[in-house]
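Asks: Here are the chains, one letter per residue:
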Amino acid sequence: MSIKITREEKEHRQLGLIIEVDDARFQQEMQKAARKVANQYKIPGFRKGKAPYNIILRHFGVGALVEEFVDDLGQEMYKTAIEQEGIEPYGIGSMNDIEMEPLRYHVTVPLIPEVKLGDYRGLRVEETSVELDEAEVQARIDQILEREAGYSDVERPSQYGDLMNVDVRAVVLDADGNESETVVMDETDWDITPDEENPMEPAGFDAALLGMVPGDEKTFEIDWPEASPSMYAGEKVRFQVVLHSNQAYVKPELTDELAQSVGPDFETADELIARIRENLQEELSESAEDEFLGSILDQLVEMSEIDFPPAAVEMQLDQMMQTTDYRFRQMGIQGLDAFLEMTNQTAEAYREEQREEAEKVLRRNLVLSEIAIAEKVTATDEEIEEQVGEMFGDLDEDATEEQIEARQRLVEMMKEGSSRLSIVERIVTDKTFELVKAIARGEEIPEPVDADESEAVEGETPEAVAEVEVVAENEAAPEAAADEPVAEVKE
Amino acid sequence: MHIYEVIRRPVVTEKSYDAADFDNSYTFEVDMRANKHEIGDAVETAFKVRVENVRVMVMPAKTGRRGRRVVVRKPKWKKAIVTLAEGDSIQLFEGV
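Quick note, the sequences are listed as chains A and B, same order.
The first sequence begins at 96 in the numbering used here and counts up by one.
The second sequence begins at 256 in the numbering used here and counts up by one.
Keep in mind that the hints were calculated from the coordinates and are not lab data.
It should be emphasised that the depicted structure is a prediction, and the values quoted were computed from it without experimental measurement.
Backbone N, C-alpha and C define an ideal beta-carbon position, used for all residues, glycine too.
Check before you lean on any hint, since a few could be wrong.
Here are the computed distance ranges between Cβ atoms for each label pair [said to hold, decoys possible]:
| no. | chain 1 | residue 1 | chain 2 | residue 2 | range |
| --- | --- | --- | --- | --- | --- |
| 1 | B | E284 | A | Q122 | 31 to 37 Å |
| 2 | B | E284 | A | E443 | 54 to 60 Å |
| 3 | A | Q135 | B | H257 | 37 to 43 Å |
| 4 | B | D273 | A | Q417 | 54 to 60 Å |
| 5 | B | R321 | A | D118 | 51 to 57 Å |
| 6 | B | K291 | A | T175 | 37 to 43 Å |
| 7 | B | R321 | A | P139 | 21 to 27 Å |
| 8 | B | K334 | A | K145 | 18 to 24 Å |
| 9 | B | E307 | A | G111 | 57 to 63 Å |
| 10 | B | D273 | A | D117 | 58 to 64 Å |
| 11 | B | K303 | A | G111 | 46 to 52 Å |
| 12 | A | G111 | B | E341 | 51 to 57 Å |
| 13 | B | A340 | A | G111 | 53 to 59 Å |
Between the sequences and the hints, there should be enough to build the whole structure, so can you do that?
Replies: Okay, structure coming up:
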């Protein structure tokens with residue numbers, strides 16, 4: 096069946112189509128809809144489904160009947176139109192308008208984005224050098240020491256910050272300097288820490304506790320300051336303090352023994368420090384690498400002419416929200432919706448918030464996949480094999496026959512269908528990242544070789560690879576962020 | 256009585272629809288006071304057709320009960336089935 100289609104060029108890689116449904120088809124659909132409607136509703140004077148067409152038409156009106164089939168027919172017409180015109184849509188088309196008599200659909204079809212790469216091979220990006228900050232290393236060491244630190248008994252006279260175990264009895268003195276009936280406090284086995292900056296009430300009490308050794312008894316009098324909000328303000332109070340024990344907060348030195356207690360890998364303190372340094376270095380260079388890649392991508396996007404339909408951004412948004420949702424679920428939150436509810440956001444607002452990011456990611460993706468095509472980046476069989484192997488990890492030495500077999504089956508499964516595609520996608524993405532980095536560093540890059548000549552994957556022509564969408568680097572970011580300081584791992 | 260007072264409304268049901276299809280007879284609700292002649296004249300003038308035969312009947316009232324009281328829910332009404340001459344037809348039941 097042929098249908099009448101009018102093309103209408105639109106900006107930003109969109110194609111407008113006006114699809115006209117011919118009258119015969121329209122009538123046929125109307126009859127069908129009438130039958131359906133008649134079976135559902137009763138028309139006075141007729142049994143269900145027995146009313147003739149024109150009665151139904153009059154009873155419900157043309158609009159109601161058209162309503163019945165207009166969406167389904169639209170879908171069908173859209174499909175036919177796409178086929179007939181040989182259009183390759185990038186995403187789902189959107190229905191803009193429906194015209195009646197004759198029935199006409201106005202549709203907008205998003206087309207595949209167009210990317211004109213700039214002189215990407217000429218791109219040079221300065222790599223930021225990474226320098227290890229010694230203070231950072233020291234901070235990490237302190238962190239470990241802090242964990243090992245604690246209170247331990249000391250014999251020296253008490254100081255600020257010590258943890259003192261005392262008995263205290265405080266009594267208000269009368270005008271003659273004799274003890275009255277009013278007892279301010281009578282505490283035994285009391286842990287207190289005299290503090291210079293935040294002293295206890297009354298002022299001077301903390302200072303009076305200093306310089307004692309366990310077993311000491313001390314009696315002193317304090318004039319409770321007039322300005323105090325306490326009920327004893329202005330009174331003279333006698334304190335009797337007995338010190339039972341005194342503990343000081345001690346941070347240990349970094350010794351070999353301490354290093355050994357951190358983890359079995361460390362024999363000496365130097366080894367621990369070396370490891371900390373190494374980890375820090377790694378973290379730094381990783382984030383520098385990310386930054387490097389980010390600025391390369393930004394500049395690649397900058398120099399390219401990219402035109403894409405607005406629907407592409409929506410698709411990217413959908414995907415991002417899905418990923419976020421999945422991540423939340425993994426974190427134990429009941430999905431994105433629950434998170435939004437918790438933070439009092441609407442899904443729409445959140446979506447708008449993400450729009451800019453989505454567009455950025457989309458641009459990067461588009462440029463990357465274009466480069467992947469231009470450079471004929473493909474995945475070889477070996478690479479796929481390797482990637483799959485990595486995903487499952489190595490088997491134990493003493494794996495049973497069955498386990499080996501089961502693993503083999505899994506590997507085979509991963510190498511087929513959509514999972515294969517996603518693996519190829521990953522490999523191509525990684526390889527493209529490496530490629531652009533090499534370009535930006537000014538390394539010599541050989542001209543792309545045709546996939547046929549190199550060891551290409553069977554049936555994996557450059558065109559097939561082109562359909563693989565390259566995933567931008569921010570997808571990988573959460574894993575990198577999960578890195579913890581060295582000592583954490585060993586616990 | 257004016258002709259538009261005679262014909263109240265067309266009766267559109269499965270049965271009357273069939274009668275129109277197979278018998279060229281059209282069914283109307285008419286005024287209780289109208290007789291066959293008046294109905295025939297009214298149809299002829301109103302629809303510009305030739306009337307061959309008119310059959311009339313009085314449809315009984317429908318009653319219902321509310322407790323011991325009998326209430327008339329639908330009053331009686333007069334129905335006329337008008338057969339037209341061959342070749343004539345009424346674009347029946349427009350504007351129910």
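Asks: Each of the hints needs a verdict: does it hold here or not?
Replies: Taking the hints in turn, this is what the structure says about them:
1. Distance hint for E284 of chain B and Q122 of chain A: a CB-CB separation of about 33 Å, consistent with the stated range 31 to 37 Å.
2. Under the hint 54 to 60 Å, the C-beta atoms of E284 of chain B and E443 of chain A, about 56 Å apart, fit the expected range.
3. Distance hint for Q135 of chain A and H257 of chain B: a CB-CB separation of about 41 Å, consistent with the stated range 37 to 43 Å.
4. Restraint check, D273 of chain B to Q417 of chain A: a C-beta distance of roughly 59 Å satisfies the suggested window 54 to 60 Å.
5. Judged by the Cβ atoms, the range 51 to 57 Å given for R321 of chain B and D118 of chain A holds: they are separated by roughly 55 Å.
6. Roughly 59 Å separates the CB atoms of K291 of chain B and T175 of chain A, a value that falls outside the hinted 37 to 43 Å.
7. Under the hint 21 to 27 Å, the C-beta atoms of R321 of chain B and P139 of chain A, about 24 Å apart, fit the expected range.
8. Distance hint check: the CB atoms of K334 of chain B and K145 of chain A are about 20 Å apart, consistent with the given range 18 to 24 Å.
9. Checked against the given bound of 57 to 63 Å, the beta carbons of E307 of chain B and G111 of chain A, roughly 59 Å apart, stay inside it.
10. Hint check: D273 of chain B to D117 of chain A, Cβ distance near 33 Å, so the stated range 58 to 64 Å is violated.
11. About 50 Å separates the C-beta atoms of K303 of chain B and G111 of chain A, a value consistent with the hinted range of 46 to 52 Å.
12. A hinted range of 51 to 57 Å for the beta carbons of G111 of chain A and E341 of chain B is consistent with their spacing of about 55 Å.
13. A hinted range of 53 to 59 Å for the beta carbons of A340 of chain B and G111 of chain A is consistent with their spacing of about 56 Å.
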